[in-house]
Every structure is written in structure tokens, then in C-alpha cells.
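Colleague: Sequence:
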Amino acid sequence: MTAIDFHKLAKTELHCHLDGSLSLETIRHLADLAQIELPEDDAELKHHVTAPATCESLLDYLEAFDYIRPLLQTKEALTIAAYDVAKQAALENVIYIEVRFAPELSMDKGLTVAEIIDAVCQGLRQAQEEFGIIAKALVCGMRQSDQALTARILDEANEVEDSDFVGFDFAGDEHHYGPKAIKPLIEQVQSYNRPMTFHAGECGCAAFLAESIAMGIKRNGHATILAQEPELLEEFVKNGVTGELCLTSNLQTKAAVTVADFPYLKMKVAGANITINTDNRTVSDTNLTKEYELYHKHFDSSVQDFYTHNKTAIEASFASDEEKAELLDRLAKAYS
4 MTAIDFHKLA KTELHCHLDG SLSLETIRHL ADLAQIELPE DDAELKHHVT
54 APATCESLLD YLEAFDYIRP LLQTKEALTI AAYDVAKQAA LENVIYIEVR
104 FAPELSMDKG LTVAEIIDAV CQGLRQAQEE FGIIAKALVC GMRQSDQALT
154 ARILDEANEV EDSDFVGFDF AGDEHHYGPK AIKPLIEQVQ SYNRPMTFHA
204 GECGCAAFLA ESIAMGIKRN GHATILAQEP ELLEEFVKNG VTGELCLTSN
254 LQTKAAVTVA DFPYLKMKVA GANITINTDN RTVSDTNLTK EYELYHKHFD
304 SSVQDFYTHN KTAIEASFAS DEEKAELLDR LAKAYS
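With the first letter of the sequence shown counted as 1, position 151 gets the number 154 in my numbering; the numbers rise by one all the way through.
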């Protein structure tokens with residue numbers, strides 16, 4: 004059997020957080036711009052911005068993000084950051100990526116929502132022009148934040164007219180803020196002309212994923228709970244929902260305590276829509292090449308499987324129909 008060159012395979016990514024995916028080089032550059040001192044030793048810096056291989060919980064994992072927040076408070080920093088993440092993806096043969104971020108986390112020094120989105124899209128466009136990747140932005144509402152603040156941020160975001168800002172998400176503390184707790188915000192986003200994805204099923208609560216499906220949300224971040232819930236998996240498939248799977252991240256946060264607790268194989272057998280993602284390239288110390296290697300190692304995923312999952316990702320993406328057609332064509336040629 005010929006060894007698979009995982010790096011060379013064309014890839015797509017739907018679930019990648021901007022602030023969790025900055026390269027160490029870019030973190031240092033942004034710290035210089037913000038006049039923030041960092042540890043000189045790369046190993047020590049990596050220790051601060053990478054979550055432990057096994058965390059106590061999702062909240063433990065999220066602590067690594069606190070280190071990055073002060074670095075992303077200017078338009079220049081956000082543009083540099085977005086360019087960096089899209090460049091990293093392009094250099095491992097990712098042809099399409101959606102990068103998500105929460106404007107709220109970059110408003111500490113007075114930036115407006117529109118300025119933040121514009122700065123991120125500018126960085127993504129620079130990478131698109133330079134590397135030929137198609138890179139889009141998703142805006143996250145933080146589920147644990149004041150709902151009036153989040154409602155205002157989402158409304159201001161929706162006013163932004165930029166073809167590279169394509170959709171919405173809700174991230175943060177799922178355990179204490181399930182779909183019902185933020186239902187008015189979800190309905191607010193569903194009234195917009197941009198689609199949404201939603202984090203659910205990462206914290207071990209089947210009801211949250213069931214609620215997300217019942218609310219008509221067609222893309223789901225993580226969906227880890229499906230490994231334990233055959234009836235919910237049936238609903239997931241019946242409703243045509245696409246799962247944004249994040250293996251390394253789920254093992255770190257203990258959303259999946261072991262590989263056997265990860266839903267991939269059960270979803271595959273059930274005919275569910277599956278996509279492979281990093282979640283956070285730096286916080287999880289991963290990239291898509293590493294993720295593909297892990298799927299091959301643990302689940303015997305084949306090149307044909309990777310083609311199928313990438314095709315699924317493009318079809319479920321928030322790109323325009325024209326872009327999807329171009330991407331599907333590129334993908335088919337790359338795997339032929």
C-alpha cells in the first residue's frame with residue numbers, strides 16, 4: 004500500500020478560531036506592536052498559548068485564549084492575525100477556510116464592530132491574493148456575555164457589507180449557556196440574510212444538540228455527544244446537519260475521553276455529513292495535515308474518505324454558489 008502524503012492532499016476547513024490559531028512568530032510580532040512582554044524562550048511561550056494535552060474541562064482549555072486577547076486590540080493586529088491563519092492553512096494545501104472570531108474580544112480599546120470585521124477581512128483578502136486560498140470570516144457571539152451587548156454586536160455586524168464576511172456562530176461556555184438560554188440571540192441571527200453554525204454537543208449534553216437541530220441550525224461545531232446518542236444521530240442525519248469535527252481538541256478538553264468516545268466512525272456508518280477541522284491550530288498544537296494523519300491512524304480513513312469529507316465541507320460552507328462550484332472543481336481535480 005502506498006503511503007499517503009497527507010500534506011499534499013487538498014483540504015478545506017470550516018471550524019477554525021482566529022485567536023486560537025496564531026503562529027508563535029505572529030504572536031511575538033503582535034506583542035511587539037502592543038508593547039507587551041513575552042517569555043523569550045519559545046518553549047515557554049508555547050506553554051502559555053497551547054492547552055495541556057489533557058485539560059480538566061473545556062473551561063480549562065479556554066484559559067489559553069486569555070493570553071492572546073490583549074494582542075488583538077487594533078485594526079493592524081487583526082489584519083496581521085487573519086493573514087497569518089489563512090497563510091498557515093494555504094501552506095498545507097487548504098483551498099478553502101472559514102475563520103471565526105468574536106468582535107467582543109477585540110473591543111477593549113474602543114474598536115467598533117465594523118472596524119474589527121473589516122480588519123479581519125482585509126487580512127484574509129491579502130492571503131487570498133497571495134496564496135490562492137479562498138478565506139471567509141464568521142462572527143461569533145459569546146454565549147456567556149451580557150445578552151444586550153451581544154445583540155448589539157450581532158446587529159452591528161449584520162450591517163457590514165463585505166462578501167468575505169459570510170456567517171455567524173455562537174462560541175464560549177456551552178455548559179452553562181445552552182441553546183434555550185440564548186434563544187432570542189439565535190432567532191435574531193436567523194432573521195439575518197447570512198447563515199449560521201453553532202457550537203453544540205461538546206460538553207456532554209445531548210439536549211443542547213437536540214435543541215440546536217430543532218431550531219433548524221444546519222451546521223454544528225463538534226457534535227461530540229453523537230458517539231453516545233444513536234437516536235440523536237438519526238435525527239442529525241435525517242435533518243441533513245453537517246458536523247464540524249475537531250478530534251485533537253475534543254481529546255484535550257475530554258469532550259471525548261478516548262478516541263473510542265469520538266463520534267466519527269458512528270457518524271460515518273450512519274451516513275452523516277462529516278467535516279474535519281483543527282478548531283484551534285495553536286491552542287491544540289495541530290493543523291489539518293496532523294488531523295488527517297490521526298484519522299487515518301485511528302479510523303483507517305482513506306484518500307476517498309478525505310475527498311468525501313472535503314466535498315461535504317464545500318457544500319456546507321458559507322461560500323457563494325459560484326465559489327462552491329469553483330472549489331468543487333479544484334477539489335475533484337486535486338483528488339483525480
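Bear in mind the hints are in silico, worked out from the structure with no lab data behind them.
Among the clues, some could well be false.
Each computed DSS-like pair below joins lysine-lysine, with the alpha-carbon atoms no more than 27 Å apart [to be verified]:
#1 LYS221 x LYS241
#2 LYS90 x LYS241
#3 LYS327 x LYS241
#4 LYS314 x LYS293
#5 LYS11 x LYS241
#6 LYS271 x LYS90
#7 LYS241 x LYS314
#8 LYS241 x LYS293
#9 LYS183 x LYS112
#10 LYS90 x LYS78
#11 LYS271 x LYS293
Label-pair ranges, simulated between beta-carbon atoms [what the hints assert, rightly or not]:
#12 MET110 x MET218: 21 to 29 Å
#13 ASP111 x SER60: 22 to 30 Å
#14 GLU234 x ALA37: 48 to 56 Å
Glycine is no exception: its CB is placed at the ideal position from the N, C-alpha and C atoms.
Colleague: Looking back at the numbered hints, which does the structure fail to meet, lowest number first?
Modeller: 2, 5, 6, 8, 9
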